[in-house]
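Go ahead and model the full structure; you've got the sequences and the hints to work with.
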Amino acid sequence: MKVNNLITDLYKGQWAISIDASGYLYRIANDIVAGKEMNLNLKAKQLIDFYDENSEPIKPNEDGFVEIPEGSTAVINMIGPIITYGDYCTYGADEIIKQFEKLDRNPNIKSIIVFMDGPGGAVSAISPFLNFGATRDKKKVLGVVYEQMCSAHLYIAYGLQPDFVWASNNITANAGSLGVMVSWINDKKYLELQGLEKVAVYPDESSDKNLPLRLAIEGNYDMIKTEMLSPLAQRFQQDMIRLNPNLKSKVPGVLTGKVFYADDAIEVGFANRVGTMSEAMKYVQTLSELNHYKPNV
Numbered sequence: 017m018k019v020n021n022l023i024t025d026l027y028k029g030q031w032a033i034s035i036d037a038s039g040y041l042y043r044i045a046n047d048i049v050a051g052k053e054m055n056l057n058l059k060a061k062q063l064i065d066f067y068d069e070n071s072e073p074i075k076p077n078e079d080g081f082v083e084i085p086e087g088s089t090a091v092i093n094m095i096g097p098i099i100t101y102g103d104y105c106t107y108g109a110d111e112i113i114k115q116f117e118k119l120d121r122n123p124n125i126k127s128i129i130v131f132m133d134g135p136g137g138a139v140s141a142i143s144p145f146l147n148f149g150a151t152r153d154k155k156k157v158l159g160v161v162y163e164q165m166c167s168a169h170l171y172i173a174y175g176l177q178p179d180f181v182w183a184s185n186n187i188t189a190n191a192g193s194l195g196v197m198v199s200w201i202n203d204k205k206y207l208e209l210q211g212l213e214k215v216a217v218y219p220d221e222s223s224d225k226n227l228p229l230r231l232a233i234e235g236n237y238d239m240i241k242t243e244m245l246s247p248l249a250q251r252f253q254q255d256m257i258r259l260n261p262n263l264k265s266k267v268p269g270v271l272t273g274k275v276f277y278a279d280d281a282i283e284v285g286f287a288n289r290v291g292t293m294s295e296a297m298k299y300v301q302t303l304s305e306l307n308h309y310k311p312n313v
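Just add 16 to wherever you are in the sequence shown, counting from 1, and you've got the working numbering.
Hints are computed from structural coordinates only; laboratory data are not their basis. Small disclaimer: the values here were computed from a predicted structure and weren't measured. Check before you lean on any hint, since a few could be wrong.
[Claimed, not checked] With a Cα cut of at most 20 Å, we get these calculated PhoX-like pairs of lysine-lysine: (1) LYS155 with LYS118; (2) LYS298 with LYS155; (3) LYS154 with LYS298; (4) LYS114 with LYS154; (5) LYS118 with LYS75; (6) LYS225 with LYS214.
Written as structure tokens, this is what we have:
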């Protein structure tokens with residue numbers, strides 16, 4: 017039997033996502049799991065765009081292949097919720113990381129810019145980006161420019177150990193929502209109206225199986241917070257402090273999930289400055305020249 021990776025992720029996954037996005041995403045996820053026909057009218061954004069050393073787009077040749085000259089910059093587009101495994105209509109962390117690794121090994125790519133516009137996503141999608149950030153070629157410039165960089169996207173951005181992080185504008189660009197959550201629809205009353213009752217039976221030998229969730233469904237949230245959510249939230253906080261030396265972690269809201277718009281994001285350390293993609297293209301050229309003279313460590 018072929019496994020649908022997206023449905024698996026939706027069923028078992030834990031999510032670090034902005035609450036603003038959770039409502040409409042839940043409805044889409046519920047329809048996918050239910051097997052309903054989907055018509056999202058999505059126009060997919062290309063995962064990677066390439067630019068030459070003059071910041072001009074590199075077009076595919078007549079055979080459809082992109083020939084990448086020396087000194088090129090790659091732009092990776094991380095737009096929308098991030099999931100662990102690519103499927104359906106979304107690139108997964110597994111696919112994106114493979115592209116990061118290829119770009120890191122390609123001697124003709126001298127810099128990488130990650131454009132982010134996302135509310136977060138699956139917690140299990142974060143670890144591969146942290147691993148890549150720890151082992152990537154630090155002489156190859158990597159920067160992040162964002163419209164929205166919340167929750168898991170925030171974790172991933174700094175996990176890449178970037179040379180800079182910019183907000184794309186000072187009107188709508190936002191970052192933060194540092195934290196984790198779990199949500200579900202309590203369908204007990206609905207089932208009762210339909211004359212149905214959901215029953216789950218556990219033997220004595222499995223008394224701890226799914227216990228935090230079982231208690232939460234009954235209205236007792238203590239265990240699901242202490243055993244599932246709090247450890248993840250604390251790890252998120254610790255990693256952000258470790259990975260982002262500019263973070264003003266004592267400012268109210270920084271570590272507890274507040275979202276900051278560009279000027280405030282810069283103030284608390286969720287961006288170095290406001291800068292467009294065009295400006296970032298020029299900046300990576302300068303940084304690449306400076307990195308060329310750095311000694312290997």
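- Violations among the numbered hints, reported as their numbers in ascending order: No hint contradicted; all consistent.
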